[in-house]
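Chains as they are written, first to last, in this note's numbering: chain A, 1 to 228; chain B, 1001 to 1248.
Keep in mind that the hints were calculated from the coordinates and are not lab data.
Cβ coordinates follow ideal geometry from the N, Cα and C atoms, glycine included.
What you were told as hints is all true, and nothing was included just to trick you.
Per label pair, the in silico range of CB-to-CB distance:
1. Arg76/A with Leu1087/B: 31 to 39 Å
2. Ser1009/B with Pro135/A: 50 to 58 Å
3. Leu39/A with Gly1086/B: 47 to 55 Å
4. Leu1060/B with Phe187/A: 13 to 21 Å
Listed here are the chains, written in short residue letters.
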Amino acid sequence: MHYLLTHLGEAWALTVVHLRLSLVPVLIGMAIAVPLGVLVQRAPVPRRLTTATAGIVFTIPSLALFVALPTIIGTRILDEANVMVALTAYTTALLVRAVLEALDAVPAQVSDAATAIGYPTVKRMLKVELPLSIPVLVAGLRVVVVTNIAMVSVGSVIGIGGLGTWFTEGYQTDKSDQIVAGIIALFVLAIVIDVLIVLAGRLATPWERGTRAPGRRSVVAPVVGGAR
Amino acid sequence: MNFVQQAVSYLLTADNWTGPVGLAARTLEHLEYTAIAMGASALIAVPVGLIIGHTGRGTLLVVGAVNGLRSLPTLGVLLLGVLLFGLGMGPPLVALMLLGVPSLLAGTYAGIANVEPTVVDAARAMGMTETQVLLRVEIPNALPLILGGLRNATLQVVATATVAAYASLGGLGRYLIDGIKEREFQLALVGALMVALLALILDGLLALSVWASAPGTGRLRGAVTRRNHVTPTALADKPAAVDGHVLR
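Whenever a hint applies, use it, and build me the whole structure from the sequences.
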């Protein structure tokens, strides 16, 4: 704790790096996964292909991908881009499943009603189905972001890791308080970002407020996840 | 492509597979860490998930524990453990165990909590005790989600077991860590390929068990159809299976 308080400046600099490494992939992943999910949702064969590919991508261990990527995409070894590309792949793989789940959760009557009052397909997707899928999507997004924040710290083993650097440094110089400081900082970071996503989700879905039926159980997302 | 060729030729050389630090031995070590860590997290997560899912009390505890543990960085826990308690099997296993708990806990809890309430009520109305309801109705019906949680947890643990090498232990992570340290990147690639292969095989096996565990006849048709097809005969023979799968 003391270490964290005396090294606040360094902690902040590392946090900025950490956030860049973990959140840029989320933005790119969203930009790929949402349109992709929308496109393949109603087409059985592409949909199965997409989920199968996503499953395989997510099976590849992160540290392994960090190391293998340079030989595949031709970046330098120990380059920040490797971590970014790897995390983008994971994020897209996880999010595309979440997007499909979220779109499936939109009640059929609602989209039928939208069609009945004359919404064309694209407009229905943008104005009715995507907004209604936000709650489930936010649940998936939370897991992805927390996972990414944890994964980036593993990158410190190969020399790129934001706050994870404190783990490897503390280990090499035998300073356990530096490691504890890193754990606390990462923990706080994950919680802050998580809360921000929940708040953003609430703001984006004003109709959900106060209308939650008392019997409805909110279940922890069981399927997605993977801090490596 | 040079590294790839070197890595492949390394993998295809028989001498590299044998001996106390050969690929075979490292793979076994890796599987050993994974199995022990998964066993330990199952011992914690499954009973807690079953109880909370069954009673419906402590849901907030599950959500908090799952989110909290997910944001705990494994590498940090591992290195801190090594500094405080010294080298050995303890710190990596505890760190990996903590990694496995959230997925397994979420899967077990969600599985039990999502069993159709009418089915549970019917079981009670037939005179089953609470234990019987849990063991003979809820667990068999929840098995796909429980095993799904086990699958996710195993995937993470087998992938992360590589960091054990950073704390001077064995396993496939040795190739990754040593390869990077000595700038012999083809060695690192060998480790990466082996871990990915191992993860894919384990994931395939567990996916098969998830598939096989679906109760009733609507096995491959998604959760909604599955629930509608639940029949008492489909529920009877599963408690033994869950032990076999979860306690490895």
